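Fit chain B to the supplied structure of chain A, relying on the hints for placement.
Protein chains: 2
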Amino acid sequence: MNSVFQKTMIFMQNRISQLFGIQYPVIQGGMIWCSGWQLASAVSNAGGLGLIGAGSMRPDVLREHIRKTKAATEKPFGVNVPLLYPNVEEIMQLIVDEGVKIVFTSAGNPKTWTNFLQNKGIKVAHVVSNSKFAQKADEAGVDAIVAEGFEAGGHNGREETTTLVLIPAVRAVTALPLIAAGGIFSGRSMLANMVLGADGVQIGSAFAASEESSAHENFKKAVIYSKEGDTNLLLKQLVPVRLLRNAFAQRIETAESEGKSKEELSELLGRGRAKLGMFEGDMTEGELEIGQVSALIKSIKPVKHIMDDILLEYRTAKAQIQHIRFDF
Amino acid sequence: MNSVFQKTMIFMQNRISQLFGIQYPVIQGGMIWCSGWQLASAVSNAGGLGLIGAGSMRPDVLREHIRKTKAATEKPFGVNVPLLYPNVEEIMQLIVDEGVKIVFTSAGNPKTWTNFLQNKGIKVAHVVSNSKFAQKADEAGVDAIVAEGFEAGGHNGREETTTLVLIPAVRAVTALPLIAAGGIFSGRSMLANMVLGADGVQIGSAFAASEESSAHENFKKAVIYSKEGDTNLLLKQLVPVRLLRNAFAQRIETAESEGKSKEELSELLGRGRAKLGMFEGDMTEGELEIGQVSALIKSIKPVKHIMDDILLEYRTAKAQIQHIRFDF
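These protein sequences, in sequence, are chains A and B. Read in order, the letters of the first sequence are residues 41 to 368 in my numbering. Read in order, the letters of the second sequence are residues 41 to 368 in my numbering.
Next up, chain A with everything else stripped away, as it sits in the complex (with noise of 0.2 Å):
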């Protein structure tokens, strides 16, 4: 065990709850055409963190959303924007106006908005998929760390490192409060999470798929069918990202496996797909971002028993670690 896991983990209150002010340090992850304000809130009343996505919303429909998180709970929430879109100055600004107190910032450097936030007034948590950028995103100033494995949906590391391998990886060099993401969908992943180092756990697949969730239906049904190997890592070469098999992804395959080029690729990709899959319900021909677990998830269900079963399963499991089977 090194010093650092040491210094920060034994003789301290949950961090990432108090950090954000929450009941429980459950984070819904931010996903494009799933994460709106029916999300968001229905999280945040849950006792979570509930997180627009702002990745899919202009800066007037992220706005209307802010808006009517706040009219539909009293509990802190937060926005995840990835900083690798070209209005992100306008969203930063909005979000200030908007009085948003918690951001979640990825796809970008930590340095760039980290301080401006904070000054005023807003917490920071920045997601890395390997250690170098969690030790970046620490210098830069960040107030927590989402690390994030292979196995997530969505868009993802090169590296392709487990959230297995990479929680102790980050562990390893920081003392940030830590969230882990990627593969958490239940009570048992969030405690094994926890175990491994993590302050907190990020949740996205098992809230994409919940009543609250704003993607289209045919979206969550597919989820809820999929089995084990029905996800797959693509588009390597452009940005990786984990999708659902299905007539579009398919091709993405075949095209990657024949050796095409970037270019290529783009063209294949096109644009819009992610919005004509998860929020228009074309379950041919849209990008159906989800991740491994999605073969774990049986139902759709309301944010409230989503938690609900996380939190007893969580309680049953801590339990039953007293048990002499884990004694040795």
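Some hints could be false.
You can't tell identical chains apart in this list, so a pair holds if it fits in one copy or across any two.
Unchecked claim - Using 20 Å as the maximum straight-line C-alpha spacing, the simulated SDA-like pairs for lysine to any residue come out as follows:
no.: 1; residue 1: K267; residue 2: N85
no.: 2; residue 1: K267; residue 2: F173
no.: 3; residue 1: K276; residue 2: E293
no.: 4; residue 1: K115; residue 2: H345
no.: 5; residue 1: K338; residue 2: V279
These aren't lab readings, by the way, just hints derived from the structure by calculation. Note that this is a predicted model, so its numbers are computed, not measured.
Just chain B now, kept in the frame of chain A:
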């Protein structure tokens, strides 16, 4: 929580240590060119289960390793047999003749050999990478199942399911004793997998880099100096295998990204590369099989030291769970 889980997990002593008559439910993975009699006997002597990796051995060599293991330990040990080898009948008869009491089978149909071995009083575990094969192993009557995730070194499943997702998936379909493999190297990763539903763990890479491993010193050093992202799952068109990046692996990666055929990849692979790399120490042209956790293994230690570290960290992590930061 599903009912199989509740029925099998709560009121039971550790089923893996009972099944094999060992002290701790820690299995050393059978690994070609690494796990000869020195490693297997050292792990068994340290209270785990040592496995001789028959995959790289001619029958006469395997016989010698079994005899030397028996001479070096009075504790239980086993042999790992990949079922795809052409001389598997000879190997199995030899195992019976030499009085081996535990066999781990992989890479083949568990129905073929399970009854034969069990009728000779041998306990059989079978390695799978998805829940469908776990069900088949259960139906074949094996005594235990090893479920190995995407992050594991060496040969690997096509579906790329990570250990964090695979263990709950397998636990949901079988009540058999379950051993988690892939990404496990420490007491925390061991406890995390027990929380997910495993009854024990299989550890490969950490033992491959141990003092008692028969791997070449060059390979052990390459493992401990490797970093996150230095392994890749390659040769997916043939049999997927996780390799440490070197000149050879990069040629394979390039060939795959160019869409080369199976035949061209087989040609590029050639024969004897695993021996060349792991046993003879050619770090440029050899095939170097290792798991993602290689990035987290920082020194070449004796097996006893590795086991002590794992158990100490396991007990510490287990005690910490009772702390208030885990209370919700």
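task = If any of the earlier hints don't hold here, list their numbers in rising order.
result = The structure breaks hints 1 and 5; every other hint is satisfied.
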